[in-house]
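Engineer: Residues per chain, in single letters:
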Amino acid sequence: MSGVPMFWLGAIALSVLFAWLERGRWRRSAAAALPLLVAALAFPPRLPGRIEGARTLAADADRATVEATTRAVRPGGTITVTGDGLHPDYWPLLAGRRIEWADPESRTGLATLSWPRRAWLGEPVRLEGVITSADSVTVALTGPAGERDSVRTDSTFAFTAVPRATGDVAWSLAVGEGHPDTLGVEVRDPPLLQVVILAARPDFELPALARRFEAQGAAVILRTRLTASDVRTVRYGQADAGDPFATDALASLDLLVLGDGAEATLPGAVRERIVAAVRDGLGVVQMVSEPRDRSPLFPFEAVRLRDVEQRALITLDSVQLPGRVPIAPVLVNGGEVLATDADGVPTASVMAVGRGRIVANRVTAASGWSLSGELAAESAWWARVAGAAVRQPDGQWMVSDSALVRVDEPVRLQWLGDTAGITTLVEGDVTDTVHWASADSLGGEVVLWPRAVGWLTVRRVEDTLRVLVRGAADHQAIASAARLDAAQAAVAAAVVDGPPADPLPRELPRWPFGLALLGAAVVVWRLQAT
Amino acid sequence: MDRVAEARTLLEDVAAHWRRQRLAAWGSAVAACALFGGVLGVRVGLAPLIGAVVAGTLAAGWGARMLRARPLTPRTVAEHADRTISGLEESTTLLLAESTSLPFLARVQQARVAEALLTADRIPMLPHASARLAARAAGIAVLASFALALLPARSPARSPEGVERPAAATPPAQVALGEITLAWTPPAYLRRAPQSGPAGEVIVEEGSTVRWRIAAPHAIGVRLVDARGDTLAATRSGDAWIVEQTVDAPLLWRAEAIGDDDTIVRGPDTRLGVRIDAPPVIAVLAPVGRVTLDWTEPHVVVVRALVSDDYALGSLGLRATHARGRGEGVRFRETELGVEVEASPSPTSRVVSRRVDLDSLGIEPGDEVYLAFTATDRKAPQPQDIRSETIFLAVRDTFDLGTGALAGVAVLVEPAYFRSQRQIVLDTEALLRDARLGTVRDVTPRSLEIGLDQEALRLRYGALVGQEAEGLGEDDHDHEEEVDEDGRPVQVTMEDFVHRHDMEENATLLAESVKSTLKRALAAMWEGEKALRTGRPRDALPHEYAALAALEEIRLTERAYVKRIGFEPPAVDVEKVRLSRTAKDLGPTAVTAEVIDHRTEPELRDALSVLDAAPSLARNEVLEAAGRRLATIVVEGTAPGLHLEALSALRSLIDGNCADCMAQARAGLLGALPVPPPPITPTRR
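Residue numbers (my numbering), protein chains in the order written: chain V, 1 to 530; chain Z, 1 to 685.
Just so you know, the hints here were simulated from the structure itself, not pulled from any lab data. Idealized CB from N, CA, C, for every residue including glycine. It is possible that some hints are incorrect.
[Claimed, not checked] Listed next, with one range per pair, are the computed distances between beta-carbon atoms:
{"no.": "1", "chain 1": "V", "residue 1": "Arg526", "chain 2": "Z", "residue 2": "Ala120", "range": "25 to 35 Å"}
{"no.": "2", "chain 1": "Z", "residue 1": "Leu556", "chain 2": "V", "residue 2": "Glu301", "range": "41 to 51 Å"}
{"no.": "3", "chain 1": "Z", "residue 1": "Thr84", "chain 2": "V", "residue 2": "Trp525", "range": "18 to 28 Å"}
{"no.": "4", "chain 1": "Z", "residue 1": "Arg396", "chain 2": "V", "residue 2": "Arg201", "range": "40 to 50 Å"}
{"no.": "5", "chain 1": "V", "residue 1": "Val461", "chain 2": "Z", "residue 2": "Pro588", "range": "38 to 48 Å"}
{"no.": "6", "chain 1": "V", "residue 1": "Ala452", "chain 2": "Z", "residue 2": "His598", "range": "48 to 58 Å"}
{"no.": "7", "chain 1": "Z", "residue 1": "Leu96", "chain 2": "V", "residue 2": "Trp525", "range": "29 to 39 Å"}
{"no.": "8", "chain 1": "V", "residue 1": "Ala452", "chain 2": "Z", "residue 2": "Pro217", "range": "48 to 58 Å"}
{"no.": "9", "chain 1": "V", "residue 1": "Leu518", "chain 2": "Z", "residue 2": "Arg122", "range": "47 to 57 Å"}
{"no.": "10", "chain 1": "Z", "residue 1": "Ala64", "chain 2": "V", "residue 2": "Leu518", "range": "25 to 35 Å"}
{"no.": "11", "chain 1": "V", "residue 1": "Ala420", "chain 2": "Z", "residue 2": "Ala24", "range": "57 to 67 Å"}
{"no.": "12", "chain 1": "V", "residue 1": "Ala452", "chain 2": "Z", "residue 2": "Asp655", "range": "27 to 37 Å"}
{"no.": "13", "chain 1": "V", "residue 1": "Pro296", "chain 2": "Z", "residue 2": "Val595", "range": "51 to 61 Å"}
{"no.": "14", "chain 1": "Z", "residue 1": "Thr235", "chain 2": "V", "residue 2": "Ala473", "range": "55 to 65 Å"}
Kindly generate the complete structure, drawing on both the sequences and the hints.
Structural biologist: This is the structure we're talking about:
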């Protein structure tokens, strides 16, 4: 039996007891009304509801109000929505009713905003959006160190910022004189990679690359063939001392870099193990200097290029890197192009092999950038080229770049990986276990309803996510723009026919019971006085 | 049951009934008080259960006291009946006595009272004050609870960061820091007047003596603290405190006054900049580029330069280095020449020149002279000197081989597949190793192939020294030794054998013994070829080594030596360090690289990680280290003003009198961190 009927039973029993105690004294029996009135004040009775023909919903109505209003309106009835509309997730609740909504004439301010919720230390964070404005306005981004960047625009804008420290970092974005939005990003230390670099001969590039990996905490093994029978192995960081090409070692390896001609120095059995490891997710970067035949570890077509410059300008992700660097006179066909030279010829390509990826790199001396003072260019190069091959983590959280995370609004978090195990939500002092809203072989999704402003943590063994929750007053412009778009779509798609609604019982107002309680108290007082 | 007993029973029943009612009333009052206590507890931040228990206990105690004070017994009922029911003749209490113990008249009266009591309507309820009191208390408690619950909630006051604001530091004692003035005297050699001014962003000359005058009333001690931790104690002079120091580098300082009760009053961090005395700068105006003179031209060159300094120039001069000779026989001689001042564009700059007569240096055809202007400033105690870029003067030799002498030499274009002597050696060694390992049963086929390569190489080298090409059906006419137009034998060059990275005009001529050494190499090649082509690679190997050594000897004799100017390297043990082309002594095959902490600005990062922690000694130590590092950045960085506020905020955090300094300190620390390079991480797919 639920709590409410039990409370009523208890109140009635108490009233009967009092009445029996005061039997024959009708005035005193009035005191029996006191517990009943207390109960009524706490839980006033409900009367059967009425199904109305039309109702009005205010903008920003919560889910419960939307559901209740919909049930109170008969199918085919009309619900009028005011303002800029409801939360985009609530429109489907109005199914079967006519929707009347007037699009506000003027829309100004932020229309869309996207930024990544997670970034690695040093990884550029791109914050971009669209504003709706008749005139150009100043959009300003203020970083956690107080650094400020701004642009004047009447449509799109984009900022790129680089976090300088790990932790929970927040940027502030202001459009014109409006209330600034706080954009939270979880900045993490780069993952600790396991890397093996194989060089067929001593050179400068591969040890420099090994040091680059080591600088970000990776465990690197550099094997250099000195003579036909001599190999030198240098271990950087916390690299293991065992055979890096053993089966179990390959299973935990994140990246294998093969210098020019290094693949030919590998015994056949080792090559087969590496191929199998690539199919299981290992990444390989092949340094290309000469034309070569296809192989399981080089699934590209590489032919000699004639009349080609020895040093070229490289375009990476539509950005031309400053300074020329040596490239191999080889045309590599196949796979997805990562970078090109000035003539559009691919200088780096990546191809998927099973769950792993193999990158063919034609730039023979990326150190040319650093030696000419363009350290950022070399860093960007390796981040892109090697990053395209590095093994993907076993599991990771993904948050949509355009998601608005606010109190009492649903936020969807995607998990890529195995869904076995416990997912824990930590919000302030409260820790809860979270269950999957949906899950399949690739991953799952959880839907959270944050209850407080601040950073919340979603924790799994493989990955822990931190997300900044803002208040209902934040991201107003974006939320409003999203609501406007959703309202337009909902109004256009509104279907009249639908299932009948169950009428809501009406709850009696509480104030008469409060008044009765007061009156009963006065009566009891007077009775006692007399 | 007789009527007396019945009446007695009635009295007892009524008493019991009244007790139950009173208990119920008090029970309600206790419950109501507990409810009130619970609601009150929630409002004041306590657990509701605690408030309820406390209030309920208090009410229960009070109620029990009240109940004990007014017991409800049959006597009480009887007394009340006497007062409220007529006809009982004030004798109801007789019913409580045993009939057998009463006299006759009392028994009669007892019976009459019993009858009257039993026939009465009812005994009126005793208007007990305690019950009324209980009802009142319950009513008040319930109403108060509802009233309290309906009051609007009062949100707790919290600082934006959710951190309790530390208590403000106790106001400083009477000790205070007053005006601070600076006076500085530049070094004597600069011949500048002393200056003074209020403390602020001041820039002084390197080596200046700076004097701080600090007013600090009621202080028992004053000190000057460098933000990096160094401390200078001030000495009292009248009503002020004085600190004096010679400054050679920028510093960030603050004054601290110490009071009687050990309170310390700290001033703001202030930067003192230092203008470093830079060495002179020399710009060569003439000649532009390298000058090459024919022997028949006048041996005079005019050189000119602009020399400037930030304060004052000292000595000016011209250094000439005369180089004579070829190959390994180059000799150098240095001479110091004077210069003439042509113009003085400013008090600290001069245009100097010199008409250099090369004949006075004893120059001969083929010699070179390297000129460089020198200058010093007047910095004390040690002047700074500088040397300009080198001006190259070369006198062309009258005997010039040029490339025309080689026009008649049949120079074969090196084919792309051509193997070198070293490769032949490696192939032979590989063949012998395979034969030893048993992977090759018959060495003859490979040996023949290597022999053919040896032959091709031998013929190529042989063509250069005029030997006939054997077995190739070439012409049979005698090859005479090549001579030039003067009848002298042609110098055989190694142009086709070596890759010259130098400019041709800078290369020296070859030694005379190249040809004889090359012949020796050819002879060794021939012996090796014979052994290879008869299937005896083991016998061929020593001859191949000999040929290789001879070719190396030829290559090494082609080195050009140029005197290293401005730097005298230590003597090199050639036998020890020259490449031996053997694989021994390669070093360890397994190396563990030194672990390097690549974390930039570790002090600042550590401070960021403890900023939100509770104040403690360990936390302060970390913040102090960050403060010292930040001070260094402020002093040496390009945007010093940017971090001064962070420095002040850090100081406030350590002192515990921070108002809104957490955010400022965090921003300052973040701003001082360098932008890290993008890491190599798995790309999102």
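Engineer: Need the list of violated hint numbers for this structure, in ascending order.
Structural biologist: Of the numbered hints, 6, 9, 13 do not hold.
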